[in-house]
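The opening residue of the sequence shown carries number 19 in this note's numbering; numbering runs sequentially from there.
Keep in mind the hints are simulated off the structure, nothing from the lab.
Hints may contain errors.
Said to hold, decoys possible - Under the rule of at most 20 Å between Cα atoms (straight-line distance), these lysine to aspartate or glutamate pairs were calculated in the EDC-like manner:
hint, residue 1, residue 2
1, Lys103, Glu59
2, Lys203, Glu175
3, Lys103, Glu244
4, Lys41, Glu59
5, Lys36, Glu62
6, Lys99, Asp207
7, Lys26, Glu42
8, Lys98, Asp240
9, Lys26, Glu62
10, Lys98, Glu59
11, Lys99, Asp243
12, Lys41, Glu23
13, Lys41, Glu62
14, Lys26, Glu164
15, Lys103, Asp27
16, Lys203, Glu161
17, Lys203, Glu62
18, Lys203, Glu150
19, Lys98, Glu164
20, Lys41, Asp27
21, Lys103, Asp207
22, Lys230, Asp240
23, Lys98, Asp131
24, Lys98, Asp207
As the list claims (entries may be wrong) - If you anchor each label on the Cβ, the simulated ranges turn out as follows:
hint, residue 1, residue 2, range
25, Cys194, Thr39, 31 to 37 Å
26, Glu244, Ala46, 41 to 47 Å
27, Arg30, Val181, 37 to 43 Å
Even glycine gets a Cβ: it sits at the ideal position worked out from N, Cα and C.
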Amino acid sequence: MLQLERQKDLMRLLQANKSMTVKELCAALFASPATVRRDLEALEQAGLLTRSFGGAVLNETFPDQQPFAVRSGEHTAQKKKAAAKAAAFIHPGDTVFLDASSTTYHLVPYLRDIPDLTVMTNGPRTCLALAECGVRSFCTGGEMLEGSLALVGSDAEHFVRGVRAHVCLFSARGVCNGELTDSSKGERDIKIAMIGQSARSVFLCDASKEGKSYPYVITSLDRVDETIIE
Numbered sequence: 019m020l021q022l023e024r025q026k027d028l029m030r031l032l033q034a035n036k037s038m039t040v041k042e043l044c045a046a047l048f049a050s051p052a053t054v055r056r057d058l059e060a061l062e063q064a065g066l067l068t069r070s071f072g073g074a075v076l077n078e079t080f081p082d083q084q085p086f087a088v089r090s091g092e093h094t095a096q097k098k099k100a101a102a103k104a105a106a107f108i109h110p111g112d113t114v115f116l117d118a119s120s121t122t123y124h125l126v127p128y129l130r131d132i133p134d135l136t137v138m139t140n141g142p143r144t145c146l147a148l149a150e151c152g153v154r155s156f157c158t159g160g161e162m163l164e165g166s167l168a169l170v171g172s173d174a175e176h177f178v179r180g181v182r183a184h185v186c187l188f189s190a191r192g193v194c195n196g197e198l199t200d201s202s203k204g205e206r207d208i209k210i211a212m213i214g215q216s217a218r219s220v221f222l223c224d225a226s227k228e229g230k231s232y233p234y235v236i237t238s239l240d241r242v243d244e245t246i247i248e
C-alpha cells in the first residue's frame with residue numbers, strides 16, 4: 019500500500035474509533051509497527067492526531083483536517099467549478115502564484131493552453147502536475163509538511179519574496195465572519211507572502227469551508243480582489 023493511501027486509511031480508522039493502539043492499527047492496515055509509527059509521527063506533525071503511549075488519539079480541535087490525498091478527493095465537482103472560474107483571471111504571459119491547496123490543484127488542467135505562463139507554487143504535487151501539462155513552473159523549496167504536502171518555512175518565504183506576480187490564487191481551511199483562516203501557521207505565512215507579492219489576489223474554495231474558523235488568519239475577504247465559492 020502506498021504511504022498516502024495508508025495514511026488516508028489510518029485517519030479514517032481514527033475518525034471512526036477516536037483512538038487506537040499501534041497493534042490495532044497494524045492489524046487493520048496490514049502494516050508493521052515501524053511503518054505505523056512513522057505514519058503516526060507524520061500525521062502528528064500535521065496536527066491531525068496526538069500520539070499516546072502505544073497508540074494515537076484523533077485531534078478533535080480541527081476534525082476536518084486531512085492529508086492532501088484525502089482532501090483532493092472531496093468536494094471535487096465544486097472545486098473544479100471554482101477552478102474553472104478562477105482560470106479566467108490568468109492571462110498569457112502572467113507570472114502566477116498557486117498555493118499548495120487541493121482546490122488550486124484543480125486549476126492545473128485549465129492552464130495548459132494559456133501561453134507563456136510562469137507558475138510559482140509551494141505544492142510539490144501541483145508543480146509536478148504543471149510539468150506534466152507543459153506549463154513552466156517553479157517550486158519554492160522549504161520544509162515539507164507531510165500531511166498537507168506543502169512546503170513552508172523561511173526558505174519558502176524567501177523564494178516568494180523574490181518574485182513579483184501578476185496574480186495569486188489561493189484557498190483556505192475556513193471562511194467565517196469575513197476572515198480567511200488556516201490551521202497551519204506555516205501555510206498561513208506562505209499565503210500571506212504570496213498575496214503580498216502579487217498585483218491581484220483570487221480566493222477560491224468549495225462551500226464546505228463556509229462557517230469554519232481556524233486559529234491563523236490569512237486575510238479578510240474585503241482585502242481580496244476576487245472571491246469564488248462554489
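What hint numbers does the structure not satisfy?
The structure conflicts with hints 1, 6, 8, 10, 15, 18, 19, 21 and 24, although it agrees with all the remaining ones.
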